[in-house]
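Mind docking chains S and X on chain P? Use the hints.
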Amino acid sequence: MITLASDFGSPYPAAMKGVIRRHTDAELVDIAHDLPRGDPRAAAFWLRFVLPEFPPAVHCAVIDPGVGTDRDALVVRAGSHVIVAPDNGLAMPPARALAGGAGGEGTGEERIEAFVVDVDDPASETFHGRDVFAPTAARIRTALDADPAATPEEVSDALAAMDDLSPATDPVDIVLPEPRVERDDAGDPAAVEGEVLAIDRFGNVVTNVPGDLIRGRDWVRINEELTPVAETFGAVDPGDRLVTVGSHGYVECDVNDGRGDGAFDLRPGDSVRIVADNVSV
Amino acid sequence: MITLASDFGSPYPAAMKGVIRRHTDAELVDIAHDLPRGDPRAAAFWLRFVLPEFPPAVHCAVIDPGVGTDRDALVVRAGSHVIVAPDNGLAMPPARALAGGAGGEGTGEERIEAFVVDVDDPASETFHGRDVFAPTAARIRTALDADPAATPEEVSDALAAMDDLSPATDPVDIVLPEPRVERDDAGDPAAVEGEVLAIDRFGNVVTNVPGDLIRGRDWVRINEELTPVAETFGAVDPGDRLVTVGSHGYVECDVNDGRGDGAFDLRPGDSVRIVADNVSV
Amino acid sequence: MITLASDFGSPYPAAMKGVIRRHTDAELVDIAHDLPRGDPRAAAFWLRFVLPEFPPAVHCAVIDPGVGTDRDALVVRAGSHVIVAPDNGLAMPPARALAGGAGGEGTGEERIEAFVVDVDDPASETFHGRDVFAPTAARIRTALDADPAATPEEVSDALAAMDDLSPATDPVDIVLPEPRVERDDAGDPAAVEGEVLAIDRFGNVVTNVPGDLIRGRDWVRINEELTPVAETFGAVDPGDRLVTVGSHGYVECDVNDGRGDGAFDLRPGDSVRIVADNVSV
Numbered sequence: 001m002i003t004l005a006s007d008f009g010s011p012y013p014a015a016m017k018g019v020i021r022r023h024t025d026a027e028l029v030d031i032a033h034d035l036p037r038g039d040p041r042a043a044a045f046w047l048r049f050v051l052p053e054f055p056p057a058v059h060c061a062v063i064d065p066g067v068g069t070d071r072d073a074l075v076v077r078a079g080s081h082v083i084v085a086p087d088n089g090l091a092m093p094p095a096r097a098l099a100g101g102a103g104g105e106g107t108g109e110e111r112i113e114a115f116v117v118d119v120d121d122p123a124s125e126t127f128h129g130r131d132v133f134a135p136t137a138a139r140i141r142t143a144l145d146a147d148p149a150a151t152p153e154e155v156s157d158a159l160a161a162m163d164d165l166s167p168a169t170d171p172v173d174i175v176l177p178e179p180r181v182e183r184d185d186a187g188d189p190a191a192v193e194g195e196v197l198a199i200d201r202f203g204n205v206v207t208n209v210p211g212d213l214i215r216g217r218d219w220v221r222i223n224e225e226l227t228p229v230a231e232t233f234g235a236v237d238p239g240d241r242l243v244t245v246g247s248h249g250y251v252e253c254d255v256n257d258g259r260g261d262g263a264f265d266l267r268p269g270d271s272v273r274i275v276a277d278n279v280s281v
Numbered sequence: 001m002i003t004l005a006s007d008f009g010s011p012y013p014a015a016m017k018g019v020i021r022r023h024t025d026a027e028l029v030d031i032a033h034d035l036p037r038g039d040p041r042a043a044a045f046w047l048r049f050v051l052p053e054f055p056p057a058v059h060c061a062v063i064d065p066g067v068g069t070d071r072d073a074l075v076v077r078a079g080s081h082v083i084v085a086p087d088n089g090l091a092m093p094p095a096r097a098l099a100g101g102a103g104g105e106g107t108g109e110e111r112i113e114a115f116v117v118d119v120d121d122p123a124s125e126t127f128h129g130r131d132v133f134a135p136t137a138a139r140i141r142t143a144l145d146a147d148p149a150a151t152p153e154e155v156s157d158a159l160a161a162m163d164d165l166s167p168a169t170d171p172v173d174i175v176l177p178e179p180r181v182e183r184d185d186a187g188d189p190a191a192v193e194g195e196v197l198a199i200d201r202f203g204n205v206v207t208n209v210p211g212d213l214i215r216g217r218d219w220v221r222i223n224e225e226l227t228p229v230a231e232t233f234g235a236v237d238p239g240d241r242l243v244t245v246g247s248h249g250y251v252e253c254d255v256n257d258g259r260g261d262g263a264f265d266l267r268p269g270d271s272v273r274i275v276a277d278n279v280s281v
Numbered sequence: 001m002i003t004l005a006s007d008f009g010s011p012y013p014a015a016m017k018g019v020i021r022r023h024t025d026a027e028l029v030d031i032a033h034d035l036p037r038g039d040p041r042a043a044a045f046w047l048r049f050v051l052p053e054f055p056p057a058v059h060c061a062v063i064d065p066g067v068g069t070d071r072d073a074l075v076v077r078a079g080s081h082v083i084v085a086p087d088n089g090l091a092m093p094p095a096r097a098l099a100g101g102a103g104g105e106g107t108g109e110e111r112i113e114a115f116v117v118d119v120d121d122p123a124s125e126t127f128h129g130r131d132v133f134a135p136t137a138a139r140i141r142t143a144l145d146a147d148p149a150a151t152p153e154e155v156s157d158a159l160a161a162m163d164d165l166s167p168a169t170d171p172v173d174i175v176l177p178e179p180r181v182e183r184d185d186a187g188d189p190a191a192v193e194g195e196v197l198a199i200d201r202f203g204n205v206v207t208n209v210p211g212d213l214i215r216g217r218d219w220v221r222i223n224e225e226l227t228p229v230a231e232t233f234g235a236v237d238p239g240d241r242l243v244t245v246g247s248h249g250y251v252e253c254d255v256n257d258g259r260g261d262g263a264f265d266l267r268p269g270d271s272v273r274i275v276a277d278n279v280s281v
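Chains as they are written, first to last, in the working numbering: chain P, 1 to 281; chain S, 1 to 281; chain X, 1 to 281.
Looking at chain P on its own, in the form it has when it is part of the complex (with noise of 0.2 Å):
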């Protein structure tokens, strides 16, 4: 299986599928093409909820506002996942979640591995999506094929004996900034200073604050102001400013029927701070 993602929108992402049919049948599954266009922070988040939900496959990943630069094209083997992404960062927090087994793939030895790939002269200066990482993604797939169900250790051996590959001695990282929470006497969190990680094509807002911190409450304040928590959008009225869990698994600020993004003025990278308020209103 071969997994496409990238903020190429239509119909570029075809031009790569029949790159790819030229060199396999592997299976194709598309991600998303529509993640946050140039924005590999942001697309690392999503990557990193909803690559560990697959079996191993090999993950051709492409945010990559620096395509007509010298920034390398690079593969990183997780457990026996492989992502082909741009050396930007944007798979080392995917990579991280996968070799720590969410998918079951172990957590110790099999560590993360990278490697670049040697590109002489792609055929385009701006469509490396095409030209280097749907190519190179289709060409491991046909390497490992002998075994679809390689170990980690036979994929490592698979990458290493690629010609074009040689390892990476510093490929650029992205960490996710993990929120800062402050505990009352008794022990609960009591405040999280957080950050906005995406914002979603509905404009609800997308936090890196875990949904188990806010679990339970009914109010809270998000930057001072008092936001009722629900389960659902249909809690509050059409218009009304919510804080809820997402499907990720995080805490969302949203409207309901609107944009959240606009109502609490918050940005990707914009700070989050939500305080405890158990007022009765």
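Treat the hints as calculated values from the structure; they're not laboratory data. Do not take every clue at face value.
Unchecked claim - Listed next, the stretches of chain X that the computed footprint assigns to chain P, with coverage defined by at least 3 CB atoms under 8 Å from CB atoms of chain P:
| # | region |
| --- | --- |
| 1 | 40-51 |
| 2 | 197-207 |
Stated by the list, open to error - To give a feel for the contact side, a few chain X residues facing chain S, derived at Cβ under 10 Å:
| # | residue |
| --- | --- |
| 3 | Ser10 |
| 4 | Arg267 |
| 5 | Ser271 |
C-beta atoms are modelled at their ideal positions from N, C-alpha and C, and glycine is treated no differently.
Chains S and X only, in chain P's frame:
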């Protein structure tokens, strides 16, 4: 085959695909993931339109405004087709269409059967698409795998033999509204009281009025407003309104190069009165 | 393999897939379903860009503003590829690219052949994608199935043997406009008279001017306006205009974090005059 339909946008459906791939290699076909958000009735209209085109398959359909409440997860058999969906009525209009034989799966004794999924403690309170519906669809597909061309009786037996399914006693139903036709002295349709079922992404207003009732006419009145009937958008000037028959076979209120919902001031659930008018303008 | 391209949005293409699955298990690959609505010329540009990446396949392409009129349904062979499309010119630019050998399918005697589909009484007047083009693509794919690696001659013979295909005598053609290049005394390009081919979903203005004509320059004038040439959007400030070479290899007029069509006031079909300018600003 497993088809997938939702209002999840992107990249959530990819997480469902990953989960399914841990269970089965069955082909995955996307129906749509931009179905009307949180609106099981409008989504049921689209599923009733699309699903009968398919050969027997497992259809996983998640439009689920009640996620987080105690609504059941439902499995509905219709002929040799199986729909896995929340118990909010969504599955019923397409199930009736599938049982009715658009796909040739018979009409009579092979009636619709509904089962409740015994869900204990899903991993997430908010992403039952991934944690409940996708794995259920995958397990059903695996249970049927021995015979992909299974008869309705064989599908019924396979579902009845699954440990975590029990007969549904009173599943929620959605009955899509039928238009009321007033006929003239000659028995020809003179007026229709219909209803808006859905707005598509172009703003086209989809009604429940069958296209045959306006075919051959040049003009009709839509809620009093005289409007040309046209087979193609290009028959009227850009910005002008028209009435046409959509690809789904129902009357649409549209604007060439514009949005019909705004021009006609119509929303899902609104009444549409269509009156024959033979004026030449 | 059957590829699918349309301007149908969602969920109409799923109905086409269901119909195809009643005929054949051939792999289905989406090219795009948000191609420029009702604009066969712009869609032909995108298909010319994408289809040559694929190995030989049956391509079902439906951008069909003439649905409901008596335009023919066409089958065009180009090398070992087959395009099924309305007879409005849409198929011709990609067919020439496919026959020209980007996919290695030869150039000379294996010329383009066109057939008309004998359609009697399609089920719907408005959804020929489902009722005419999809089943035709499925039947062609089945007819070729005996030998997936068929030569152009074998594909030609298979099409000629189909009962409901007859040679097209005068298929509609679209010839994408070629830019006119003015050279200076040294023979270098000094100015280009081009044309807008398409606007993508980000508002980027795609012209018919090959990227090679601006590569290496720092500034050009776009319809008089001095504009920087950049390899990446990030080379200019958010909101600022730039000229770049798109992934398709043609000159684009863009805005970083904004819409080029608005900023440059350009629409499909508009003229674009690009003049070399070596000022340093």
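Report holds or violated for chain P covering the region 40-51 of chain X, Cβ cut-off 8 Å, minimum 3 residues. holds (count 4)
Interface hint status, Ser10(X) versus chain S (Cβ within 10 Å): With Cβ-Cβ at 4 Å, under 10 Å, it holds.
Does Arg267(X) pass the interface check with chain S, least Cβ-Cβ distance below 10 Å? Check failed: Cβ of Arg267(X) comes no nearer than 12 Å to chain S, outside 10 Å.
Apply the coverage criterion to the region 197-207 of chain X and chain P: a residue qualifies when its Cβ sits closer than 8 Å to a Cβ of the chain, and three qualifying residues are needed. It holds, with 3 qualifying residues against the three required.
Holds or violated: the hint that Ser271(X) contacts chain S, with Cβ atoms closer than 10 Å. violated, 21 Å
Violated hints, in rising order: 4, 5; the structure is consistent with all others.
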